[in-house]
Amino acid sequence: MRTQTRQLIGSLLVAAVIVAVTIAVVTAKFGPTSAAELEALKERQEQRLEQQEERLEEQEERLGDREDRRN
Amino acid sequence: MEDLVERLARGNITEVKVMLMSVALALAGYQLVLISVGYGKLRPRFLDPGPASQAHRASGDAIVVLLVVVAVMCLSYFGLEEGAFHAVTGASLLAVLAVKIVVLRWWHAAGRFLPVLGITVFLLLAATWLSTAGAFLA
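The listed protein sequences derive, respectively, from chains A and B. Be aware that the first sequence starts at 1, since it is given in the working numbering, and climbs by one per residue. Be aware that the second sequence starts at 1, since it is given in the working numbering, and climbs by one per residue.
Watch out, some of these pointers could steer you wrong.
Reference listing, derived: stretches of chain A covered by chain B, where coverage requires no fewer than 3 residues with Cβ under 8 Å from a Cβ of chain B [what the hints assert, rightly or not]:
(1) 2–14
(2) 59–68
Here are a few chain B residues that face chain A, going by a calculated C-beta distance under 10 Å [stated by the list, open to error]:
(3) Asp48
(4) Pro51
(5) Val65
(6) Val69
(7) Ala71
Per the computed footprint, the stretches of chain B lying under chain A, defined by three or more beta-carbons under 8 Å from a beta-carbon of chain A, are [unchecked claim]:
(8) 10–19
(9) 34–47
(10) 98–104
Hints in this document: simulated from the structure, not taken from any laboratory. A quick note: this is a predicted structure, and the numbers were derived from the prediction, not measured. From the three backbone atoms N, C-alpha and C, an ideal C-beta is built for every residue, glycine too.
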């Protein structure tokens, strides 16, 4: 292989290494969890809370009905 | 277009943008080193001016692709909401880059302005990165 070709390939490999290191550094800054995953987690938590609230309301309604029947 | 961008980035539009801009900026820094070797300002024993200039051209083509993708993402998803400074530096970056490509490919008479155009592209790229990615990563 000619020296110039070797040097060109070497220069491009250095560019590839720079790209890889940049991606690693920026990814490390972002942390392991993506924004989409965080949003999905938040949504699931909100859904759980809503379900709990619905259950509580149903229980309260049932209790209210029982008291009405007794009276 | 907005939906396509969102789907491709899986909802992480800002993160993908920051990543692409950071890669472009890192490569742009390497570009300065390569072209310094290409012009003979730096003379490392392991790299001749010819291969350095060729690598500069190849790496520059990659940067152009990255910047066009980021610009499309920016305009289609965020519009011009991101702030005047970012919009001005981003638009100027693309304009100067376009002039540089024209000078490189067709307008050879203006070749003596290439170093100035290259440094301007680097500075505008750094300013554009700072106005979004820098703030996001800080």
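Status of each hint after checking the structure:
| no. | hint | in the structure |
| --- | --- | --- |
| 1 | 2–14 | holds (count 9) |
| 2 | 59–68 | violated (count 0) |
| 3 | Asp48 | holds, 6 Å |
| 4 | Pro51 | holds, 4 Å |
| 5 | Val65 | violated, 12 Å |
| 6 | Val69 | violated, 14 Å |
| 7 | Ala71 | violated, 19 Å |
| 8 | 10–19 | holds (count 7) |
| 9 | 34–47 | holds (count 3) |
| 10 | 98–104 | violated (count 0) |
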